[in-house]
Amino acid sequence: MAGISTHVLDTDRGRPAAGIRIDFSVLEGETSEGETWRLVKSVVTNADGRTDQPILAPSEAKVGQYQLVFHVDDYFRDRPGTAEADIFIDNPVVRFAIFDPAQHYHVPMLCAPGSFTTYRGS
Amino acid sequence: METSALTRRSFTGLGLGGAAAAASGGVLAQTGPTSSAASGKPAPLTTAPVSQAGLGPRLTLHAIDNFHGTPAAGMVCDLAWREGDTLTPIKTVTTGANGRPAEPLLTDAALRPGPYELLLHLGAYFAARGVSLPSPNFLDRVPIRFRIRDAGQRHHLPVLFTPWGYSYYRGS
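Chains as they are written, first to last, in our numbering: chain A, 11 to 132; chain B, 780 to 951.
Here chain A stands alone, though its shape is the one from the complex (with noise of 0.2 Å):
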């Protein structure tokens, strides 16, 4: 198995989190300017908090780097019990690299209102 997939999870309330927008984006340039992200597909988190289908299929997988936005501050403010107050992390952003692309890249994001971690998963 190779490509890109995440999942995501509530530490707040021990569940995955579902209906979550995810936009995975490739770099495409960078000058002194900044970087060129190209958006390749939004997708939307099931009720296990994956996608249904991988983020990036093994026979897509290049070496490059790449980038996932979790849409949780809707989540979040539609979540009952979760004052808008309480919201620090604001839409989190993952950027990294595929260095080999023989490699899977499972990149799991946990999340609550005041908190976030991701890190390379399996």
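A few of these clues could be false.
[Said to hold, decoys possible] Label-pair distances were calculated between CB atoms; the ranges are:
hint, chain 1, residue 1, chain 2, residue 2, range
1, B, P892, A, G44, 17 to 27 Å
2, A, L37, B, G833, 20 to 30 Å
3, A, F109, B, A827, 17 to 27 Å
4, B, R928, A, G74, 50 to 60 Å
5, A, L49, B, Q932, 26 to 36 Å
6, B, P892, A, P68, 36 to 46 Å
7, A, G124, B, V855, 23 to 33 Å
8, A, G124, B, E882, 22 to 32 Å
9, A, H116, B, L939, 12 to 22 Å
10, A, V73, B, A903, 16 to 26 Å
11, B, E882, A, R23, 33 to 43 Å
12, A, E94, B, L912, 21 to 31 Å
13, B, V855, A, F109, 31 to 41 Å
Derived from the structure by calculation, the hints contain no laboratory data. For every residue, glycine included, the Cβ atom is placed at its ideal position computed from N, Cα and C.
Given chain A, put chain B in place with the hints provided.
Coordinates of chain B only, in the frame set by chain A:
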């Protein structure tokens, strides 16, 4: 037990007795042949926790290197105001030996409510310490996005990281 040779990792198993010994003399601070500023490795850990309770509105950062088990000294961080994908640079800071910049990132009137991004130069940090990593590394420049909602409050931003992951949260 030879306390002078204890590492920080073994310190956690000592419980209250170890904590009391550390408070009294600091003899349990990280030691060992691998810790040397000259070799680019983190220095022995001798800093104590800092409480900011009661201080005025400010944004402070504390960077912890969970790979070496030390504060992250000498990490470059770019603070910016963020509107969508547009960043307006505010300042660039470098963390000191205790993992904190010398000054708060923002204080008082400079602390505005809204969205911010702090870019950590994590790849450069580990490269400077001679950590062998893939090229390109999994994590290089790490964006930390957060929102100040009440500028009248004190905001502490701890960031815990390794070459393979990181956490941040609203601290105290």
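Okay, the hints, checked on the actual structure:
1. B:P892 / A:G44: 17 to 27 Å: At 25 Å between Cβs, range holds.
2. A:L37 / B:G833: 20 to 30 Å: violated, 44 Å
3. A:F109 / B:A827: 17 to 27 Å: Hint violated: Cβ distance 38 Å, outside 17 to 27 Å.
4. B:R928 / A:G74: 50 to 60 Å: violated, 35 Å
5. A:L49 / B:Q932: 26 to 36 Å: holds, 35 Å
6. B:P892 / A:P68: 36 to 46 Å: Holds, since P892 of chain B and P68 of chain A (Cβ atoms, about 44 Å apart) stay within the stated range.
7. A:G124 / B:V855: 23 to 33 Å: holds, 26 Å
8. A:G124 / B:E882: 22 to 32 Å: holds, 24 Å
9. A:H116 / B:L939: 12 to 22 Å: Cβ of H116 of chain A to Cβ of L939 of chain B: about 20 Å, so the range 12 to 22 Å holds.
10. A:V73 / B:A903: 16 to 26 Å: holds, 20 Å
11. B:E882 / A:R23: 33 to 43 Å: holds, 37 Å
12. A:E94 / B:L912: 21 to 31 Å: violated, 39 Å
13. B:V855 / A:F109: 31 to 41 Å: For F109 of chain A against V855 of chain B, whose Cβ atoms are near 22 Å apart, the range 31 to 41 Å is violated.
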